[in-house]
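Trainee: Here's the letter readout for the chains.
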Amino acid sequence: MAAPEPEAPTTAPTRAKDHSPWNWLLFIPIVVPLIPVFFNGDSPRVFGFPRFYWLQLAFILLGVGTTTLVYQMTKKRGDS
Amino acid sequence: MWRDHLTEIIVFSLLFLLVSAMGFVAARWRAPKDMAHLDEWGLGGRSFGGWITWFLIGGDLYTAYTFVAVPALMFGAGAAGFFAVPYTIVIYPLVFLVLVRLWSVSHRHGFVTPADFVRNRFDSPVLALLIAITGIVATMPYIALQLIGIEAVLKTMGVTGDNALARHLPIIIAFAILAAYTYQSGLRAPALIAFVKDSLIYIVILVAVIYLPYKLGGWGDIFAAADAKFDASPNPNDGILLNGNNQLQYVTLALGSALALFLYPHSITGVLASKNRDVIKRNMSALPAYSLLLGLIALLGYMAIAAGVKPLPGNSAGSVDNNTIVPLLFDQQFPDWFAGVAYAAIGIGALVPAAIMSIAAANLFTRNIYKEYLKRDASPAQEANVSKITSLVVKVGAVACIVFLDPQFSIDLQLIGGVIILQTLPAVALGLYTRWFHRTGLIVGWVAGMGLGMWMLYQVASPTRKHFGGSAFPLSEFGFDTTRTIYVGIVAVAVNLAVAALVTLALRAAKVDEGVDGTEPDDYFADEGDPRVTPGTDRDADSAREPVA
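Protein chains in written order, with this note's numbering: chain A, 1 to 80; chain B, 1001 to 1549.
Take the hints with a grain of salt, since some may be wrong.
What the hints assert, rightly or not - Covered by chain B, according to a simulated footprint, are these stretches of chain A (three or more residues, beta-carbon under 8 angstroms): (1) 26 to 39; (2) 49 to 56; (3) 60 to 67.
Keep in mind that the hints were calculated from the coordinates and are not lab data.
For each residue, glycine too, the CB sits at the ideal point set by N, CA and C.
Could you put together the complete structure from these sequences and hints?
Mentor: Next up, the structure:
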């Protein structure tokens, strides 16, 4: 097992910080799909799909959109 | 019987043999000179880029059992089975936030398992041992479920015998092959095979969801058929929408399963194998493509209703095996060769996660039991060797579960598995953010959560069994005047946290030693190329140079 090394930690330029306010946006795709009042209904139907089904499938896009946005806004600048 | 399915069997076998060959070749794929190191065998050299990680984690989380069981649940219960969709939506933002930190700290310190992290973070071999055992115990039945996925396919093709051994022989052979190439190639085997598996699955599902609605009269008719079936059934909780009683169960099950899934050792193995933080974060926005696939696969359950599929009989007299409905649907609606491709997709879909799971369980044993308690000074080569052998043992155990126990029992065990793996959440997931909890508090919380979870699962009855009948716990058992149900895991982990917090406060007041944190705040942001990580050269050098705690 690796123990903490004796020498003082040096701050490396490669190190990213996680503390970005953008990260809070990620709670949207965590919370929204867990609120049944949004999706637990039949109408309106889309292509024959009751709302229960198409809306939850649409939440996938919400998840993709949000994570992509947060990734783009928080990724390392300059060297990538 | 099986002669009617000859084309399907031939296509299935050919594809199966193709990926088996790939599994053996994988040892040389992206391989270093020296495979005798756990980082190489068990984590693919921690070198996987975006595409490989996408296929690997995707292949890891969406298993053969998912493809068979989710539509089976939709077929039997309706909307409640669709929980898999929100479940796989909420998991990615969670991973984005939490597991990147685990990746960083593991990269920096050379951790291979979540228990390695806990050991260092809380300075407690006992807590680490609990985490490791929990991981192994939860993973075993999960592997067994993969076999149930293959078995559903084989059963539909008529490959079945009169006694237990004959019936399971094809699975034993399949797993022997799997065991051999996992032994040889480690994590590289499932990573390479995942390409084939997912390509096949995407093709099959896209064809199915375009062609089947056309053949069955459109989506409107499919939902109408499902609606009619549930209206006619006596069960009050089925239907194409949720009712007042099972909404809480639906959301807690989705959330609890998401939390559980990313605590499973095999998911963590997939994440740790990626080469940097960027790969993980990018993947979290690309992986939901699989969720879309899963949603469509779930709807195969309704298509089976519309197509009038009758499930094959189960193992005990009078029961039906709903797991066979997807294979039967393909058998009835598609030409034999295409059904064969679909079956191969499901069969191979079982191999990828089974391999990763057995590797993850083996790594836990090696790092947190063998190295911690049996042989302190094990060299990297010895570690790799122990892991390889343990992965074989784990697979034999999973096969034994299927052959000697009622497969239904494995499904129950997996249900329990989800609840017990959730009990590692305070130490592993919260441990990544805070060291506020006292190590002893975490241990006591684990015991409390585990005890309560088991008790609750024991209380849940189903039409066919008195205990362990499901994960929906009636709140009336707690004295609430309601018919609502809640997912056992969420309650158990909440109690676990509460107990851990109370015990922590008590121990802190009593000034009980809380050990030394082996990590620094900066470790949680370390990325590829961090100067404090010494990859490659150092690892291949003599093990004496490795600092020993």
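Trainee: Taking the hints in turn, state whether each one holds.
Mentor: Each hint tested on the structure:
Coverage of the segment 26 to 39 of chain A by chain B holds in this model, with 8 residues showing a Cβ closer than 8 angstroms to a Cβ of that chain against a need of three. A count of 5 residues in the segment 49 to 56 of chain A with a Cβ less than 8 angstroms from any Cβ of chain B is obtained; the coverage claim is therefore met, three being the minimum. Only residues whose C-beta sits within less than 8 angstroms of a C-beta in chain B count toward coverage, and the segment 60 to 67 of chain A has 6 of them, enough to reach three; the restraint holds.
Figure legend: structure checked against the earlier numbered hints; every hint is met.
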